[in-house]
Structures are given as structure tokens and as C-alpha cells.
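**Q** Here are the chains, one letter per residue:
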Amino acid sequence: MKSTGEPPLALKMKATDTDNPAVLDSKRRTYAMLGEFTNVDSLLAACRAVRKAGYTRWDAHSPFPIHGIDSAMGTRQTILPWLVLGAGLGGALLGIALPWYTNAVEYPYYISGKPLMSTPAFVPVIFELAVLFSALTAVFGMILLNGMPMLYNPLLSSERFRRVTSDRFFVVIGADDRLYDAQATETLLRSLGAVHVETVED
Amino acid sequence: MQQELTSSQTVGIVDNTWDDPDRRAPLVLGGKDFTAVTDTVAALAFRRPPLGWYICFGLALALLGLLGITVLYLFSTGVGVWGNNQPVSWAFDIVNFVFWVGIGHAGTLISAILFLFRQNWRTSINRFAEGMTIFAVICAGMFPAIHVGRPWLAYWLGPIPNQMGMWPQFRSPLLWDVFAVSTYATVSTLFWYVGMLPDLATLRDRATGRIRQFVYGVLSLGWTGSARHWHRFEKAYLLLAALATPLVLSVHSVVSFDFATSQLPGWHTTIFPPYFVAGAVFGGFAMVLTLAIPARQFLGLRDLITLRHLENMSKILLGTGLIVAYAYGTEIFMAWYSGQHYEQFAFVNRYFGPYSKAAWLMVFCNVVAPQVLWFKKVRTDPWLLLAVAMCVNVGMWFERFVIIVTSLHRDFLPSSWAMYCPTWVDLGMLAGSFGLFFTLFLLFIRFLPIVAMAEVKTVMPEAHGHSGPGGTSTPDERKFDYQPDEGEMQPQMHADVRG
Chain A
1 MKSTGEPPLA LKMKATDTDN PAVLDSKRRT YAMLGEFTNV DSLLAACRAV
51 RKAGYTRWDA HSPFPIHGID SAMGTRQTIL PWLVLGAGLG GALLGIALPW
101 YTNAVEYPYY ISGKPLMSTP AFVPVIFELA VLFSALTAVF GMILLNGMPM
151 LYNPLLSSER FRRVTSDRFF VVIGADDRLY DAQATETLLR SLGAVHVETV
201 ED
Chain B
1 MQQELTSSQT VGIVDNTWDD PDRRAPLVLG GKDFTAVTDT VAALAFRRPP
51 LGWYICFGLA LALLGLLGIT VLYLFSTGVG VWGNNQPVSW AFDIVNFVFW
101 VGIGHAGTLI SAILFLFRQN WRTSINRFAE GMTIFAVICA GMFPAIHVGR
151 PWLAYWLGPI PNQMGMWPQF RSPLLWDVFA VSTYATVSTL FWYVGMLPDL
201 ATLRDRATGR IRQFVYGVLS LGWTGSARHW HRFEKAYLLL AALATPLVLS
251 VHSVVSFDFA TSQLPGWHTT IFPPYFVAGA VFGGFAMVLT LAIPARQFLG
301 LRDLITLRHL ENMSKILLGT GLIVAYAYGT EIFMAWYSGQ HYEQFAFVNR
351 YFGPYSKAAW LMVFCNVVAP QVLWFKKVRT DPWLLLAVAM CVNVGMWFER
401 FVIIVTSLHR DFLPSSWAMY CPTWVDLGML AGSFGLFFTL FLLFIRFLPI
451 VAMAEVKTVM PEAHGHSGPG GTSTPDERKF DYQPDEGEMQ PQMHADVRG
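If you read the sequences in order, they're chains A and B. Be aware that the first sequence starts at 1, since it is given in the numbering used here, and climbs by one per residue. Be aware that the second sequence starts at 1, since it is given in the numbering used here, and climbs by one per residue.
Chain A on its own, in the form it takes in the complex (with noise of 0.2 Å):
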């Protein structure tokens, strides 16, 4: 980059920015509509319904995890067990490879007159390798898959939302879904029976 001397271009922005709260506040923009249940029966009937409705980016957010919500909301399976396939044989594989490797290839061990291959005795290796990687991949592959680690959340904003971690369930209908429209969607939370509807900015 060419230093011209001046101060960034970010630098200066930010100082007017925060000189000036009317400009901060236009540049923040509504980042999901919030309705929030009070149990499952309610939330269960609203997913069917924001579905029906024809919404696309959004979510339910609950406490634990809600029996019947994957199919009320068309959520799809998740491919994660096929990864952990993968990542099980991979480590069966390189169970079988390492000691063969180092047993038999690169420093051939003569133990008792058993062949340099034994395959009996190396089994507990290669099952142990496999169950380690395949637990690896389940662990990491979910929380990656899930989009974690997610530090900031505009979610979080919400001084209600954080009850959800506890004992509220939440609808959350994402502003850049098509449908999205302030008053409408609205509406449509509030006669699902939400208790409370709120919008947050990112």
C-alpha cells in the first residue's frame, strides 16, 4: 500500500462518525425480527406456520434441543455422519499403515518368530485410531458445520434473546429473507402467539 500521508480514509470516517450519532445509527441496519414463545407447543405450531408461509432464512432457537422441530421447520439431514464415516476408515487406514510402516517395512521387528505383519495383534492400534478420528470429526465437523466459533452475535444484542439459553424459545426471521417485510412479518409472530416481537440491528 502507498502511504500518502494522510490519515486512512477509515480513520477519518470514524471520527465523524462517532461525532455525529445520527450517521452511526444510519449506517446499522436491521439484522433479524425476534418473536418469543413461552413453550414448545407454540413454537412447534409457529415453525410450521413461518414454513408455510414461504420463509427461507430463518430459525427457532431454544433451550435444548426440541423433539419433532427438524421436521415441523423442513430442516435436512445433516451430512456429518457421512464425514465421520470418512475420518473412521482414514484412521482404520493409517492404523493399519503404521505399524506395517514401522513394524515390518522400516525396522522390521522379530518378535518370537510372528510374522513382521501380524495383523491380530495390531487390531486394538487400529480400532483405537479409527474411534479417535472418527470422534475428531464429529466434534469438529459439527461445530464448524454450525458456523462456530461464532464470538459476535447480533443476536446476543437482545437483552430478552439471552433467556433462550434458559427457558424461552425464539423465532428469528432473518431481514435479508425475501419475504421479510417490518410490518408484515410482524404481524404474522404476533398471531402465531408470540409474546413479544423485537427487531434487531447489526
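Just so you know, not all the hints are guaranteed correct.
Chain B side only, calculated, beta carbon under 10 Å to chain A, not exhaustive [said to hold, decoys possible]: (1) W18; (2) P159; (3) L197; (4) L243.
Covered stretches of chain B, going by a simulated chain A footprint (3 or more residues, C-beta under 8 Å) [to be verified]: (5) 27–40; (6) 160–170; (7) 447–460.
Since the hints were made in silico from the structure, they are not lab data. C-beta: ideal position from N, C-alpha, C; glycine also.
We have chain A already, so just place chain B on it with the hints.
**A** Same frame as chain A, now just chain B:
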């Protein structure tokens, strides 16, 4: 038709151990709803701990200090500071290793095997049983690492290229142990952490201080309870349970191979893998009870860890205890039936030789004492149960001592016989390992969610559609605890039905 009590109807119930199949026993008592469950558990992480916690923590730290001193002395002087000799070249180091690894198994059993069997009562106890697993595996892993003599060369255990151009010997059960125990430690930690993610998010959302908000915020990775995240979370959890189940069986089997693949009378038996696994679960459940009973009493968790939970655990204790008793009997029978002189001597020497006191203590603690659990009065009395669990803790440690020391000290040749006596360093390390275990455990109950809040909520009646406050439940619908998910099986059809 089965009746299910909503949370408000559970006020005043203390004893939920009824066996009447018509009345589903509630697993959360005291009229607690979702909010109350969160409040009860989260408060433990935020409040100032009671005086008793500081006293226990002080004691644990003192023992941990003893461990530090003895380990330092061992490293600076050598394994000669132990009582180990020839022929008893394995003694307290391996006794403690097997003891602690075994303790861990109950945690994995609760979190994985009971999960696969849909034992809903596991949810209240699985978190700290898993914590116990990890701390026990840390204590266990320490002993093989320090018993190698030159611990700074412990990396030779791993398949790492070195200047000698040598590789580990993959036909050795000691190497299998390295893989089994390190995999077990990794998978247990992952299981524990993944299960804790939603609860860490709960603590994040309730934390007031900046430091706590930041730490819980980072640890919870931005969890917000999204249904799409729960979907993958549950899948990952199920996969981990399915992986941990054979893993836990393999770990203690591999530990038993350390003995069973040798030629030594008293060790060289095919019964060892199942015998060791049953013993591990037995000893582990005793430790879970040892931790759970004081915890529920002093931390106000009696509505979450109910009498029913204690009774179920004591039934498992009794069942696995009977397997262990059967294994003791089988060993003696096989020694006699084999007609093998050395094998017969090993068992006569075990029960009537110089270490017979240890052997009979083991029999009393592991076989006789648990028989009182046939009585429901004992199973539902927390303090009697604690006494039985303490017996089993002692008995299971002595079991490993008896197996290892009595088999080694008198083998084939009388000219190589010798006695073993522990030194103060041996005893100090045993006590010190308890210090390490309890230090970690006390820190855990101070700062982390010790009951799996999210999981406990799923076994409350309000967690299912069609019931609970404000729900559209009809008595007919309530009888289905588990509602088959038509959408998972036939996505096309469900789209038609729901439009």
C-alpha cells in the same frame, strides 16, 4: 394409560422411587420448571461457595502439594524411592493406574451406554460423572508416565521418529495401552465439552462480570440454541455415544491385556477383559455415588439428583458387583480345574499367603458389603449408600493390589520370591493422586455447570409438544413420551401432510 406429572405437580414429592408402571416417575422434583432448573444449577457457578468448599479445597490442595513433593523427589532420585523390587517390579504405580482408569469408566457408561439405551435418568448425573472420568484419567495417565524411570524420555512411547531410528513395538499390549488411554482421554474430553456447550452458553447469558462473560463467551463458541445447530449437535452427540461405547470396553480390555498376555500365574487368564470391565464400572459407580451424595446434599441438588437416581445407580452397583463376585469365583474354579500346579498355588497363596488380609478385605468390600443393596431401604438411604460406596472404593483399590502384588511376589521359582512393602513415597503418591482428583473436581463444581441443564430439561414433561403449561395437550396425547418423527423417515409424505 401412563400418567405424567407436570412440574407443578411434583411439589412435595421426596420419594420418587415407586415401581408402579402406570405412574411415570418424575425425574425433576420440587415443582421445578425450566427457569428453576437453570436458576438452581447456574447459581452454583456464580455464588460464593460455602465455607465447606474452601475447607475441602484446602485439604485437596495440601494433598496435591504432597503429590508435587513426592513426584519431585522421584524425578530427582529415581524409582528406587518406591518399594518396587524384583520380582515385584509393578506395584503402587500400576495399581493406582488401573484403579483410576477404572473409575473413569462409570462416567463414560453413564454418558454413552445409558444414552444409547435411552435411560432418561442419566441426564442429572452425566455431567459430573463425565467430569469425574476426565479427572480420573488425568490421575491414571500420570502413573505410567512417571513409572518409566526417566520420564523425560516418555515420548519414546509414541510413534515419533528418533535419533536411534527405532520404532515402538506394536505387538506389545503396553503400546496398545498408550493408544487406548490417550484416545480415551481425548474422546472423553470431547464428549464432556460438547455436552457442556449449551450450558456454557447459559452461563454466558447470565454472567454479570466482564471476565466471566468473556471466558464463558469464548468457551461456548457462540452457541445460541438454534434448531439447525441442535440438529447437528444431537447427531454428533449420538455418534460420540456410539463411538465411546466400544471405546470404553476396549480401554479396560487393553489394560487387562497388560496382565493377561504375560505368562504369570494369576495373570494369564482369558477372563480378564470382561472381569476388568465389570470391575471398572463397579468401582466407577461407587465413585459417582461417593461424589453425588455429598454434592446433592450440600449443593441443594436434591430435586435434580433424586432418590430415584441414587436407587438406579445402586442397582447398577449391585449388578456389576455380582459380575465381579462371579469372576472371583471363576478364577478360583479355573485354577483348581486346570490342574495346573503354579496356577493353583497362586490362588492358595492369594487367599492364605502373606497378603491374605488384603485379599479377604477385597472379598468383604466387593462381594459381601454390596449385598445389602438387595434391600430397598438401603438403596434409598443416601448415607447407608455412601457407606457401601466407600467400601467398594476401598475394595476395588485392593483388588488391583491383590492381582498385581500377590501374583508377582511368588512366581514359578521359590528362589526368586520376595515380599513387597510400600514406602512413604508410594503412600504419598496415592494420597496425592486423590488430591489432584479432588482439586480438579472442586474447581469444576465451582466454575462449570455441574448438571447438564439442557439435557435435564428434555426429560421434563414440558419439553414435549402437546403438554405443559399453555400446551394443547389432551390426556390421549400425553401417553406418548416419544413421538415418532414422520418427517425424518419420509420427507416427501410429510411435505404433503403439512402442505
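**Q** Each hint should be assessed against the structure and marked as holding or not.
**A** Hints, one by one, checked against the model:
1. W18: It is violated, given that the least Cβ distance between B/W18 and chain A is near 26 Å, above 10 Å.
2. P159: Holds. Min distance 6 Å.
3. L197: Interface hint status for B/L197: holds (8 Å vs cutoff 10 Å).
4. L243: Constraint on B/L243 satisfied, holds at 5 Å.
5. 27–40: holds (count 4)
6. 160–170: holds (count 6)
7. 447–460: holds (count 5)
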